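Protein chains in written order, with this note's numbering: chain A, 1 to 507; chain B, 1 to 507; chain C, 1 to 175; chain D, 1 to 175.
Since the hints were made in silico from the structure, they are not lab data.
One thing to keep in mind: the hints can contain errors.
[To be verified] So the derived label-pair ranges between C-beta atoms look like this:
1) B:GLY327 x A:GLU185: 29 to 35 Å
2) D:GLY51 x B:ARG322: 57 to 63 Å
3) A:GLN6 x B:SER251: 30 to 36 Å
4) B:GLY327 x C:PHE33: 52 to 58 Å
5) D:GLY51 x B:PRO445: 42 to 48 Å
6) D:GLY51 x A:GLU181: 56 to 62 Å
7) A:ASP284 x B:GLY222: 51 to 57 Å
8) D:GLY154 x A:GLU102: 44 to 50 Å
9) A:ALA256 x B:ASP282: 45 to 51 Å
10) B:VAL182 x C:ARG52: 31 to 37 Å
11) A:ALA431 x B:ARG322: 49 to 55 Å
A quick note: this is a predicted structure, and the numbers were derived from the prediction, not measured.
Quick reminder that beta carbons are idealized off the backbone N, C-alpha and C, glycines included.
Okay, here's what each chain looks like letter by letter:
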Amino acid sequence: MVKRRQIGKLLIANRGEIALRIIRSAKTLGIRTVAVFSEADAKSLHVAAADEAICIGPPEASKSYLNSEVIIAAARTTGADAIHPGYGFLSERPEFARAVAEAGLVFVGPPAEVMAALGDKLAGRRIAREAGVPMVPGAESASPADIRAFAAREGYPILIKASAGGGGRGMRIVGNDSELEVALEAGSREAKAAFGDGRVFVEKYLARPRHVEVQILGDAHGNLIALGERDCSIQRRYQKIIEESPAPGLSDSTRARMLDAALALGRAVGYLSAGTVEFLVDGDKFYFLEVNTRLQVEHPVTELRFGCDLVAEQLRIASGERVSEVGAPVGAAIECRINAEDAANNFRPAAGTVLHLATPAGPGVRFDSHLEAGLEVGSHYDSLLGKLITFGASREQARRRMVVALGEFALLGVMNTAGFLRDIVASEPFARADLSTHFLEEFFPRWHPAQSDGIEAAMVAAAMVASGAFGTRNGRPAAPAAAAGPATTARRSPWDELSGFELWRPR
Amino acid sequence: MVKRRQIGKLLIANRGEIALRIIRSAKTLGIRTVAVFSEADAKSLHVAAADEAICIGPPEASKSYLNSEVIIAAARTTGADAIHPGYGFLSERPEFARAVAEAGLVFVGPPAEVMAALGDKLAGRRIAREAGVPMVPGAESASPADIRAFAAREGYPILIKASAGGGGRGMRIVGNDSELEVALEAGSREAKAAFGDGRVFVEKYLARPRHVEVQILGDAHGNLIALGERDCSIQRRYQKIIEESPAPGLSDSTRARMLDAALALGRAVGYLSAGTVEFLVDGDKFYFLEVNTRLQVEHPVTELRFGCDLVAEQLRIASGERVSEVGAPVGAAIECRINAEDAANNFRPAAGTVLHLATPAGPGVRFDSHLEAGLEVGSHYDSLLGKLITFGASREQARRRMVVALGEFALLGVMNTAGFLRDIVASEPFARADLSTHFLEEFFPRWHPAQSDGIEAAMVAAAMVASGAFGTRNGRPAAPAAAAGPATTARRSPWDELSGFELWRPR
Amino acid sequence: MKLRRVGDGGEFEVDILATEGSTVHARVDGIDFSVSFERIGDNAAIVTVNGRRYRVFGAALRDRILVTAGPMGFEFARVEEGRSQSAKGLATPELCAPMPGKVLRILVKEGDEVEAGAGLLVLEAMKMETTLYAETPARVNRVLVEEGQMVDHGAVMIELSPAHAPSHSESGPPG
Amino acid sequence: MKLRRVGDGGEFEVDILATEGSTVHARVDGIDFSVSFERIGDNAAIVTVNGRRYRVFGAALRDRILVTAGPMGFEFARVEEGRSQSAKGLATPELCAPMPGKVLRILVKEGDEVEAGAGLLVLEAMKMETTLYAETPARVNRVLVEEGQMVDHGAVMIELSPAHAPSHSESGPPG
């Protein structure tokens with residue numbers, strides 16, 4: 001007998017676009033919402049969107065969004081009966097899930113034990129292997145001798161990975177015996193520094209793999225379904241930047257075997273809520289990578305194809321209900337992550353205030369974002385500004401819609417990756433879906449906007465801004481004329497508007 | 001043999017949201033776009049979005065958007081090879097379609113003859129009757145004697161309608177014999193003034209009908225398909241304000257018969273491009289109303305259910321291609337038209353400058369609009385500011401998403417109907433789909449925001465604006481601090497921000 | 001201070017009594033209540049009333065105060081005490097254009113005494129004719145526009161003075 | 001005037017030569033070309049170059065000029081002639097913080113002569129470490145920050161003077 005527990009009020013232990021995303025779904029279910037925010041986010045959209053909001057500390061994540069005690073106390077204070085962790089922050093910490101449950105609250109996600117088992121890379125691999133999921137040949141050992149033996153058997157290059165880690169930290173590619181010792185030591189040290197756990201393991205390094213993952217969804221009634229796959233091959237430093245569904249060019253039989261493998265793994269642990277089983281794909285072979293025991297950033301591409309709401313499903317499942325019936329997927333969807341990074345300058349993190357914002361829209365376009373004019377983008381949290389997702393009857397329609405939609409996007413005040421993404425999505429290699437995790441190194445090794453569209457327009461505009469002939473300090477208009485006057489009925493010539501400035505005189 | 005004619009460059013003979021909508025689809029097909037604009041629209045989003053733009057005259061529609069000669073000349077000047085008329089303006093004028101064709105350009109829509117035949121209400125009814133489409137009992141005569149005889153046979157009330165008209169102009173409900181003569185004369189005079197054609201006809205007045213319409217799409221290869229139906233019952237003065245698909249509560253057999261009737265009518269005239277066959281529905285009976293030989297405002301609800309792009313289909317058909325294969329519809333979609341009208345004051349047209357704008361987004365939300373901060377909304381054209389469309393697996397999910405999405409919408413500077421729409425969509429009668437063309441009179445006879453949510457918040461905020469303690473003149477910030485400073489790291493207390501103002505001192 | 005809702009002409013007296021932290025104590029038409037008022041931008045705030053939070057935007061525009069609370073829009077005008085005295089019985093002593101448009105017909109002439117509900121002037125805007133009515137009896141002091149004239153939003157078109165009874169506005173009755 | 005692209009340090013000379021109607025004749029690094037420049041808002045314009053139209057937004061922010069053309073963002077700084085003289089061979093005579101963050105490590109000390117590509121300082125922001133490099137040889141005149149210190153965007157952290165050769169910037173080489 002499954003315990004039903006109606007969620008009346010949900011605290012969202014996150015910020016930015018995902019907090020807003022979760023609030024929206026909760027509201028459609030009639031669930032009241034509580035936002036938490038650090039002092040840096042007081043004016044953020046997720047705070048305004050929630051039914052209630054509570055400050056949980058200073059900007060540093062360790063003192064706010066990662067502070068589980070303060071967050072659980074906030075749930076108690078506001079009378080919330082459930083907590084959704086979003087992604088990142090506390091979302092994959094079994095001890096947080098446990099603390100939430102011990103506080104008598106519903107944790108929207110899998111049980112702490114499942115999270116703990118799958119969160120440890122070594123344990124996760126063991127579970128996957130036992131469930132019959134194909135594995136990249138590898139060895140769970142940190143001993144140089146064992147690893148040398150493994151490399152002698154499988155051949156270089158090999159990959160050293162942190163057992164506890166994620167996000168590429170602690171990873172080292174080793175090309176030959178002589179590099180091994182140094183790489184092992186560095187990887188272990190980095191893993192210890194990042195995760196407090198220096199254990200590493202090795203595996204065969206695949207030369208040109210794709211990253212493909214399966215969305216699973218399980219309820220407490222024993223139902224477990226797979227909602228297709230996502231190709232997330234386009235990554236920079238192990239960070240996904242473009243994701244799509246279906247994975248182009250994947251054969252139906254490979255897809256079917258991959259979905260079955262994901263379900264087998266999920267069944268083996270009694271998976272509950274939304275999760276993602278990640279694979280490396282090499283031709284028609286696929287190998288287990290890891291399980292993410294939370295909502296993924298890229299979940300919307302699945303939602304668009306299946307017409308479902310994964311956050312709503314998580315909330316239903318958390319309250320003891322069954323997974324909804326979901327039909328067959330249709331069409332294709334692509335997501336681009338727009339980050340506050342200066343793509344032209346080694347993707348250096350960018351900050352600033354949003355002085356002007358134009359967001360894309362139209363048929364098949366979804367933009368999940370907390371951006372709005374006036375938002376201050378700081379340096380305390382990750383650089384995700386928004387996710388632009390397009391849907392089409394075919395991949396090509398979704399791709400073209402993405403090119404058009406990225407072309408509509410404009411953000412003055414915070415350097416970002418939109419122009420870079422537009423160039424990728426418009427490119428020949430992307431159009432023919434020549435995907436691998438090395439896509440960017442292969443096709444965009446030194447992308448630069450100066451080689452791109454619009455540089456002349458930008459240079460002339462910059463000269464006009466510098467001379468005071470265009471734009472305004474801080475993006476704030478000086479003259480109140482436009483807003484104060486009645487609707488203008490006559491179009492002024494550019495000369496009328498600009499002739500007051502010296503630059504516009506011949507010289 | 002169908003003539004193929006690739007469209008390379010498309011002129012959009014329209015403005016506002018629909019011009020932007022058409023530009024977006026054209027771009028995804030690789031078609032270059034030419035915007036036309038009146039002097040009032042020089043700064044409008046459709047002008048910025050197109051690849052080229054050309055001014056076609058002063059603000060008055062008769063001298064710009066209704067000036068077919070100037071528009072055709074603009075197409076010649078820019079080298080456009082096709083013209084999309086959008087809706088309204090020239091979209092249903094056979095003489096425009098003919099002039100476009102005679103200029104050697106492709107008209108994106110049905111041929112002039114089809115438009116002319118269906119555009120005349122009397123001729124349209126004849127065609128429909130001959131195609132076996134059920135008709136409301138009626139009489140095509142303007143003679144009081146004939147009409148008295150009709151009323152004696154069918155009973156009052158009866159409805160007098162203009163033969164040439166649309167949009168409710170020239171319509172009169174007549175309750176009894178004594179009202180007839182005056183109503184006939186007034187209706188005919190109004191019809192003559194509005195359409196230059198005083199002919200009228202009468203029909204039985206249905207007490208509580210629903211307005212349901214069928215989307216058809218035909219190509220030059222003899223394919224004609226019906227893309228489901230839309231319920232557009234919620235109208236104010238014959239203007240649709242909320243539309244949805246599927247029509248709730250319509251039986252499968254009634255739906256099937258209605259789609260068949262629409263296809264029979266379309267086949268009878270060799271219908272080409274997108275068109276809409278409108279019906280009045282009374283229980284499981286339906287009666288022909290009229291055919292709109294153009295794209296409808298409410299076409300997105302069909303697009304969301306069928307995953308298709310109706311503008312792209314129109315462009316494909318116009319270039320001689322076949323209609324795309326379209327799968328079975330899924331889910332439910334609702335559209336709300338947000339108009340620049342003061343709903344609290346007899347829907348008086350509103351104008352102004354957009355000082356602040358918050359647009360809804362998220363899963364299942366689409367917002368088709370030319371709104372942006374700084375837009376000047378004038379009084380020259382219709383009052384449509386944008387269309388908010390939500391999709392859901394069920395009507396109830398789409399409805400709840402609409403309530404949430406309307407709640408996210410905020411527009412400072414132009415009074416609009418968003419709050420009114422939110423109250424309707426959130427209401428019990430709408431939730432139970434108690435739809436008829438009298439919905440608003442029945443359930444919202446005197447809607448007023450003062451009875452609504454937020455009036456206290458608004459009054460306090462207004463007092464603070466009046467005293468200079470909140471907001472700024474014309475919505476323009478006075479102090480450059482927020483934008484100029486670095487990302488703030490400490491949250492200021494409201495006291496810090498507000499204590500400078502006298503109002504905040506006890507008095 | 002006294003504010004008037006533009007359109008329906010409803011007037012209310014609103015005063016900010018005190019603030020404690022982000023709590024604002026207000027009095028509206030003699031009834032005291034408290035709201036939480038947190039600024040989140042130059043003209044944006046989150047206002048909490050009776051446990052419900054509203055995202056509020058506000059600005060002054062010429063003679064009007066514009067406020068949105070969620071999707072609801074409100075338009076207010078400040079009723080100046082002195083003026084209110086001199087034009088007692090009228091919400092405004094002037095008929096102003098509620099939107100830019102063209103004066104189609106003027107239905108009254110100077111010196112006319114009109115009843116409540118009498119049409120004063122027909123304006124054309126956005127392809128629609130809008131008749132502006134007197135909501136209370138009034139006397140037409142001056143007509144400042146001509147038929148066919150284009151007027152801007154807020155332009156004074158007719159000056160009125162009280163006839164016998166209370167309030168008036170430029171809104172029409174629902175039709 | 002001379003502008004510098006922030007980041008890659010590329011400099012260019014841009015001058016507006018003349019305007020005729022909405023046509024602007026410009027010269028960039030000695031090459032003349034014409035653009036159409038139509039303002040559509042306070043800081044928005046449609047700029048047409050070689051038949052391609054761009055929706056452009058621009059603003060000055062402290063010492064920077066921000067411009068977007070379509071989805072592309074650009075950040076420029078004006079190179080002042082006098083200063084450029086005194087700090088010949090350096091794009092900027094200062095290493096400024098490209099974003100708010102925490103100074104993790106300072107890799108040089110006052111008086112050091114550094115080669116092109118030498119790391120100067122490590123900044124932590126957005127959960128990432130960013131090393132700021134010298135793009136050309138330079139001499140470290142003054143170090144104005146300490147390790148562990150929080151810095152705002154634009155804060156001067158290190159003062160430089162030319163060593164032997166041309167330009168420098170705060171960007172690092174792609175890694």
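Where does the structure disagree with the numbered hints, that is, which hint numbers, in rising order? 1, 2, 5, 7, 10 and 11
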